[in-house]
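Okay, here's what each chain looks like letter by letter:
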Amino acid sequence: MSSITITDLRKEYSVKAGTEVAVDGIDLAIESGEFISIVGPSGCGKTTTLRCIAGLEIPTSGTIAFDGVDVTEVPANKRDLAMMFQDIALYPHMTVRQNIAYPLKIAGIDKETRHETAREAAEVMQIGDLLDKHPGELSGGQQQRAGLARTIVQDPIAFLMDEPLSDLDAQLKIEMRREIQRVHKRLGKATIYVTHDQEEALTMSDRVVVLNDGRIEQIGAPEAVYNRPANAFVATFVGNPSINYLEGTVDSARGDSIDVSVHGRRFAMDLEPDARVSPGDTVAVGIRPQHVEVVADPDTGHFGGVLSLFEPVDDRAHTTVDGPEGEFRAVTDANAPFDEGDEIGLVVDEGKVLLFDDDTGELLARAATPDDPVSQRP
Amino acid sequence: MSHEVDREGPGHGADREGPSHEVDREEATIMDYRGSIPVWRHLRYRHRRLIRRSILYVGIAFVTLLILLPVLWMLTSAVRPVGDVITRNPSLVPSTVTVEHFADLFFDSRFPIYLRNTVIVTAGVVLLSTTCATLGGYGLTRIDVPYKRTFARGVLFTYMFPPILLAIPMYILWSNIGMINTHLGLILAITARVLPFSLWLMWKFFLNVPYSLEESAQMAGATRFQAFKDIALPIAKPGIIAVAILAFAFAWGDYTMALVLMTDLDMFVITTGIEASFFAGGQIDWGLVLAGCAVALIPPLLFVYFLQKYYVHGMSAGGAP
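One line per chain: the protein sequences are A and G, in this order.
Residues in the first sequence are numbered from 1 upward in steps of one, following the numbering used here.
Residues in the second sequence are numbered from 379 upward in steps of one, following the numbering used here.
It should be emphasised that the hints constitute simulated quantities derived from the structure, not laboratory data.
Label-pair ranges, simulated between beta-carbon atoms:
| id | chain 1 | residue 1 | chain 2 | residue 2 | range |
| --- | --- | --- | --- | --- | --- |
| 1 | G | 444 | A | 116 | 57 to 65 Å |
| 2 | G | 607 | A | 171 | 38 to 46 Å |
| 3 | G | 602 | A | 65 | 21 to 29 Å |
| 4 | A | 126 | G | 535 | 52 to 60 Å |
| 5 | A | 132 | G | 509 | 27 to 35 Å |
| 6 | G | 527 | A | 171 | 41 to 49 Å |
| 7 | A | 63 | G | 517 | 25 to 33 Å |
Here are some chain A residues the structure puts well away from chain G; computed CB gaps all over 12 Å:
| id | residue |
| --- | --- |
| 8 | 62 |
| 9 | 131 |
| 10 | 178 |
| 11 | 223 |
| 12 | 270 |
Where chain A lies over chain G, by a calculated footprint (3+ residues, C-beta under 8 Å):
| id | segment |
| --- | --- |
| 13 | 584–597 |
| 14 | 607–614 |
Just so you know, even glycine gets a beta-carbon here, dropped at the ideal spot from N, CA and C.
So here's chain G without its partners, still in its complex pose (with noise of 0.2 Å):
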């Protein structure tokens, strides 16, 4: 033991004397340089936040306010009578409000077919288009498929065609089955347009759930069948949730498939219905146009506030992606 101590002491007087040789370096280091330091590391790190944070937000405001500008600016003048709005010093707080665009909207034109005819279809793209791309996506990362990789990615390239190289193939082949001005025809054609990215979508969201999970129901009893729809389709809620969003905005906004397909004025969608509408022989009517872009603006704007809760839900408790 006496040998082992002695072999020590040595060595820790070396350690002692080492640290306190550095710290006397560094402090040095520090009062020599202190002049070419640039500002901002002179800031205490909490300032140094709060300079960082308020660069963000201020930039953050200022992208809103571009983005609701004319929203805005849409929604004050619905509701001023027609010569407020073509006026030469507009202001943005209308002076007397007024709902008799609405009351025309919904009583004196054929805007409600219009609503009528976009809700219809959208609905109809988003069950069509969240069922296809779930089973789909399902399809694609459980069972073996030959050259499946290729087709997913084949899939994806058919998103990139601009919906008008679409749309003319489309009214020949429609009209050949007959399926021109009909709900079902337009909801097809959005549907087309959407899928390929939402297939692609629950494709990357299912290969993300373990199989082991499914494999577990099924030691327990349960069908492949039931494992899916138990197990796989709750964790897949967000994703699922994601596609409807996506579907939602391409049926509710959709002007190039409507416009080649539906040519019966009563079975316009709101952005053409509008357009045939209110816009008749170059005189534009103002404040129908406004008021049914307004009305036009609630119901997605209700779908997506209502569905992120549930995104963010499952995202939050599934863990999953």
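So here's chain A without its partners, still in its complex pose (with noise of 0.2 Å):
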């Protein structure tokens, strides 16, 4: 039962040649129990702002408060958060047992009841046969797990993870992300995970926090990040392959329908109702790859090109299309009946187009599709 609560977190480094900002004003409210992931490219400040909350970090100005108590000033070892580094950071002197039992053995409970919570908490994350062994002996995989369990016997307020599966492979990595929320889900705490895989915060968050050059760029649920970015970077940097833009011009508009050129074709849209366009705007079509159809015909279709290169990845493939208007990515079948070289064409669904302004890169409008009601979403 506690809630994290960051108002204008602001972090500055001085280096050699002045002040660099790595954190410039954050506010950000954590639920009690909720799953929240930050997000961003190396050196947006998504560490910095969790090592503030960890108390690792003093932040420059702002405060953090727990429940409405101001804890910005209080030492990392009375905060009474589990986190869990990067490398790991299991101590190699130490076995498992001892490991996992040190949270407990600094807050003073018996070496008996200590060891069997140890034991108890290598069960549960599947390592209860390796408490003897050191950390050097174990796999990453196993070391990964040893550290959850770490975390776990600490019964912390809220868990803070800064990008605990990187160094691990693809396999590996799905595995223990699964683990890590089912962690969550038995114990019900506040979880914070800074990753810079945009695939892993939208798989596992319950709100994703997209940060970008120390600023919040869009907080919010995983599917509302992804259907209706806040402006063109967030919508470049969540989604893969990444999204096309292209540029266009804002013909006419009649309440919500309106037609877009571009490049001499002319896309017809139901927008939804609180666009911002009027007509002879330019602005930035943004068009997904998963939201293009590649077709045999090169006539039909918005657009025609030919196609550079096909990528398959399981039962789809990424294809790359030269077209005049420019590189353009499409996703379709892996299957599919297409040769690099060929001319093909390519169909956009016109109910999922984007629309950013030009300059800003900020949202205008977004296609209303039937099915997807995007607009009663948080």
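Could you fit the two chains together into a complex? Lean on the hints.
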């Protein structure tokens, strides 16, 4: 039962050339029991934000409060948080048992009880048979499990995770992702998860915070961040392969329906009610590769071009098409009958087009899809 | 599909021709040039390794002998009568074994006093320098002090001074503050000699202990000191032991500082004491000198032998540097 409130957090570092702003005024409220991801490119300040919450960094200004109590100046060891580090940070000179039991040892719990608790936690993480080994003898995945077990025994008010899975291979990553979610569901504590991997953030979180250059670009549920990005940065960062942008001009607007011409092609779209476009505007038209259909006939569809790259990924394939409008990415079936070098056509799903301001990158309008009433979402 | 098969057909053919062609050429090369291959290359790997190893071990044995022969000579001479020591026909194996020198050494000379002084001073130096080097090295890695890099390197520079250059000003300073002929005075003087390198060593050692380990301990509820004590210190143990061995070697074998700072015969250490007591008036009592040296050899041997075990153990358990 505890919420974490961050108000106008700012962190500057003094470097040789002056000061560098790592975090530039962040406001964030984390509810009890929530799984929240902070995602962004490297150097965006996500780890610094987490370290400020942990108490490992003192913010330059701004406050952090747990349940309304200001803890900005409280040292890390008094905050009752558990943290998982990128390098796992198991103590190499202790056995797995001692590692897991260490927080309890600090808490002054007697040896018998804390070893019993450590054993239980290890069993939950399915490493009950490794208790007497040293961390150096464990595989990467086992070390992750031991690290997670050590945070569990602490019974903290919230879990902080600083890119804990970034050093694992793809398969282990998915396995550990599931473990972390299992632990989260089991304990029901707030979890703040920092990652640079947008896919990780989208699959695990209740809410995603997209950070760029020390500022929050958007906070929202994964599907909202994906379907209704606040601006072009979020649209580009979230989603793989990344979104296509084409320059377009708004021709006419009749109520919620508008026509946009893009490189001589005309898109007729119904917009969501709060659209902010008027005829004559120049806009960046964002089209996700997933919302483009690749067809054999170059003359059907909105655009045509030469298929320059065909990369099968499981049952889908990422394609790159060179057309008169430049490079265009689309997703199609892996067994689609296309070869690199073929002339193909592209059909855009007009119900899923996003319109961004050409200068500021802000989302101006989103096509309304009958089967996807996003406007009703939070 | 059929189009693809057609396209691949000739390609496969070319592939098959390629390697076989190359095998032919390679065989011809070996046949043609066998005569000019050096003898070494004709040997099997197993034999080459055997020869390499043999040369290495002969070299090691030679160097070991070079180091150990004087020690062996000292040990065998310490247990033979003086008449056997000063002789024109020395033998490595003593004809008669006697412990009279050792008896004289312990019951009829000042040697026990010297030994006691050395043990006190050495223990003091080992304790003081490991403590200072550990705390100082940790501070240099973890706490932001302006110009700490320059400081760390500057400290190492003082290590270059020859001891006698330091001993004379130290004598003047020590006599002004009344620390001549005190154990503490000599402990401080030798620690000052040991500390620069030890500090630098510990600094390098703590640089290799990831800070995230201590941060993780802090998140687990440990105070900064607890994190240092529970995490950083055990991981840096091999470094601390290396410093202890270094300090022991400096203190046990110190001659210059003790000669200058300890003027009272009752405050002499073994190095200066053996000289003062058994070299009296040009008459060297070889039996006592060699017996004294033999006794002086034992503590360092034990110290290094036991600590080395922990040192190696710490290295493998820690997995650190």
